[in-house]
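Asks: The chain contents come next:
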Amino acid sequence: MDGVIEVERLVHVYPEGTRALDGVDLRVAAGEAVAVVGQNGSGKSTLVRHLNGLLRPTDGVVRIDGRDTAGTKVACLAALVGLAFQDPDKQIFAGRVRAEVAFGPRNLGLRGPAVDEAVTGALRLVGLADVADVNPYDLGQSRRKLLAIASILAMRTPIVVLDEPTTGQDLRGVARVQEIVRSLVADGRTVLAISHDMRFVAETFPRVVVMRAGRVVLDAPPAEVFGAPSWPTLASTYLEPPLAARVGAHLGLGATPTEAALVDAVAARLRS
Amino acid sequence: MSSLVAFVAGGYLVPLALVAIALVSAATGGVARRLASVSLLLTLPIAVSVVLVSALTRAGTEVLVVLGPFDVTREGVDFAGQMLVRLFAISTAIGLFSLTTDPRAFVFDLERRGLSPRFAFVAAATVEAVPAMVTRAGVIAAAQRSRGLDTEGSLRARLRGVLPLVGPVILSSLTEVEERSLALEVRAFGRPGVRHLLWWPPDTAVERVARWLIVAALLVLVAVRLAGAWPPIP
Numbered sequence: 000m001d002g003v004i005e006v007e008r009l010v011h012v013y014p015e016g017t018r019a020l021d022g023v024d025l026r027v028a029a030g031e032a033v034a035v036v037g038q039n040g041s042g043k044s045t046l047v048r049h050l051n052g053l054l055r056p057t058d059g060v061v062r063i064d065g066r067d068t069a070g071t072k073v074a075c076l077a078a079l080v081g082l083a084f085q086d087p088d089k090q091i092f093a094g095r096v097r098a099e100v101a102f103g104p105r106n107l108g109l110r111g112p113a114v115d116e117a118v119t120g121a122l123r124l125v126g127l128a129d130v131a132d133v134n135p136y137d138l139g140q141s142r143r144k145l146l147a148i149a150s151i152l153a154m155r156t157p158i159v160v161l162d163e164p165t166t167g168q169d170l171r172g173v174a175r176v177q178e179i180v181r182s183l184v185a186d187g188r189t190v191l192a193i194s195h196d197m198r199f200v201a202e203t204f205p206r207v208v209v210m211r212a213g214r215v216v217l218d219a220p221p222a223e224v225f226g227a228p229s230w231p232t233l234a235s236t237y238l239e240p241p242l243a244a245r246v247g248a249h250l251g252l253g254a255t256p257t258e259a260a261l262v263d264a265v266a267a268r269l270r271s
Numbered sequence: 000m001s002s003l004v005a006f007v008a009g010g011y012l013v014p015l016a017l018v019a020i021a022l023v024s025a026a027t028g029g030v031a032r033r034l035a036s037v038s039l040l041l042t043l044p045i046a047v048s049v050v051l052v053s054a055l056t057r058a059g060t061e062v063l064v065v066l067g068p069f070d071v072t073r074e075g076v077d078f079a080g081q082m083l084v085r086l087f088a089i090s091t092a093i094g095l096f097s098l099t100t101d102p103r104a105f106v107f108d109l110e111r112r113g114l115s116p117r118f119a120f121v122a123a124a125t126v127e128a129v130p131a132m133v134t135r136a137g138v139i140a141a142a143q144r145s146r147g148l149d150t151e152g153s154l155r156a157r158l159r160g161v162l163p164l165v166g167p168v169i170l171s172s173l174t175e176v177e178e179r180s181l182a183l184e185v186r187a188f189g190r191p192g193v194r195h196l197l198w199w200p201p202d203t204a205v206e207r208v209a210r211w212l213i214v215a216a217l218l219v220l221v222a223v224r225l226a227g228a229w230p231p232i233p
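Chains as they are written, first to last, in numbering that gives the first Met the number 0: chain A, 0 to 271; chain B, 0 to 233.
Rather than coming from a laboratory, the hints here were simulated on the basis of the structure. Please note that the accuracy of each hint is not assured.
[Claimed, not checked] Incomplete in silico selection of chain B near chain A, CB under 10 Å:
#1 141
#2 145
#3 158
#4 162
#5 167
For every residue, glycine included, the Cβ atom is placed at its ideal position computed from N, Cα and C.
I would like the entire structure built from these sequences, with the hints used as guidance.
Replies: Structure representation (structure tokens):
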């Protein structure tokens with residue numbers, strides 16, 4: 000299982016003239032977990048929609064495992080890149096949770112026990128195994144969101160892209176999404192997530208890509224991206240570092256992007 | 000109005016002329032391609048059943064083809080053809096109206112003419128529904144293609160994708176209607192009493208004359224039809 004993403008000088012101009020991507024370069028290694036952040040309209044969704052061919056480059060190249068996406072059908076790229084959309088209600092159609100999750104694997108050619116195994120595994124991972132035979136519309140919005148994620152996980156693609164996976168999730172839901180990301184990475188799969196939840200980003204992803212006006216303006220670990228020197232850049236794309244990072248900086252504790260890092264830094268300061 | 004004319008006139012010439020007028024008007028407004036796709040989207044599901052039922056079951060004197068237990072007659076094919084052009088005339092008229100009319104202006108104008116805000120809203124929601132559903136359908140298609148649905152393959156593959164595409168369009172539309180009605184109620188939409196309108200849509204003398212001319216044309220057409228001076232509707 001590979002999962003290498005290569006984006007070179009990617010430009011995308013929508014038919015009405017909006018230049019959504021303006022020369023993006025990005026390389027994500029197999030098994031890496033990367034968060035893509037930025038203000039609304041910065042080009043995050045446009046970027047990830049190039050990974051499975053939903054959008055085609057106006058200029059530049061997108062390669063998945065060395066294969067140029069330009070000449071590949073979406074239905075074929077779907078076997079490599081699973082993209083979970085933000086709104087689950089824009090994809091749910093089946094009368095049972097199990098059938099909804101089985102839709103992707105069946106499209107990829109899986110049949111019989113292989114489908115059951117993929118569906119059961121995905122539902123277990125998102126915590127919906129106990130509602131496999133329930134109508135999706137009997138679930139709450141946050142669980143429908145997890146269902147949409149499960150329907151992508153069941154396809155067992157080497158690359159998983161999650162668009163705003165924590166939107167509408169309570170603390171337990173966010174923790175579940177973190178668990179999903181960690182599990183995928185442990186399984187050797189590449190994970191890309193678009194998010195506006197900086198706390199979730201800092202605590203879950205070892206690499207953060209910040210976009211502004213169709214360009215990558217920061218690409219570094221959370222300690223650097225959320226460190227005080229990067230704050231002006233973050234502010235320019237209307238992002239705010241997590242509370243832990245701001246508290247740590249104000250106390251002169253250095254980079255503390257997560258609450259755990261902040262507690263460690265405070266403890267170290269007290270000990271010294 | 001165009002829809003009424005298409006039905007009153009019958010035949011091929013008038014409905015096809017109405018389709019042509021709608022397409023030329025759409026091209027002038029830069030929405031010809033969108034009108035064509037909206038019109039097909041609206042018409043095809045009904046057209047397929049109408050054509051099949053008409054061509055296969057309508058009795059006639061001249062049998063063109065025998066398909067198992069069905070005789071496809073010239074009269075059946077002719078009727079199916081006339082129904083098809085009428086359906087396209089109606090769908091292009093509705094599509095053109097929804098693509099070129101500002102729903103807000105439409106609602107305000109209806110209210111200005113004394114229509115209840117509730118009815119005005121229902122009318123506006125209907126007008127807004129078509130372009131909104133086209134946009135929604137685009138997002139849904141992208142989501143399903145991301146799950147491996149082949150929308151570019153054979154006819155069989157495309158047919159297999161109808162339910163995953165249409166299902167979420169209907170379900171999410173129903174959800175949105177419910178949410179929208181609740182949002183209206185919490186903003187006192189159902190409160191009785193007269194509303195004060197802050198804005199009126201522009202309405203030129205030319206537009207007013209054109210409207211009355213269209214109504215007059217329809218009345219003339221009905222009169223001609225009643226007088227029997229027009230080919231009979233099959």
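Asks: Against this structure, judge whether each hint is valid.
Replies: Against the structure, the hints come out as follows:
| no. | hint | in the structure |
| --- | --- | --- |
| 1 | 141 | holds (5 Å) |
| 2 | 145 | holds (4 Å) |
| 3 | 158 | violated (14 Å) |
| 4 | 162 | holds (6 Å) |
| 5 | 167 | holds (5 Å) |
Hint 3 from the list above is the single one not met by this structure.
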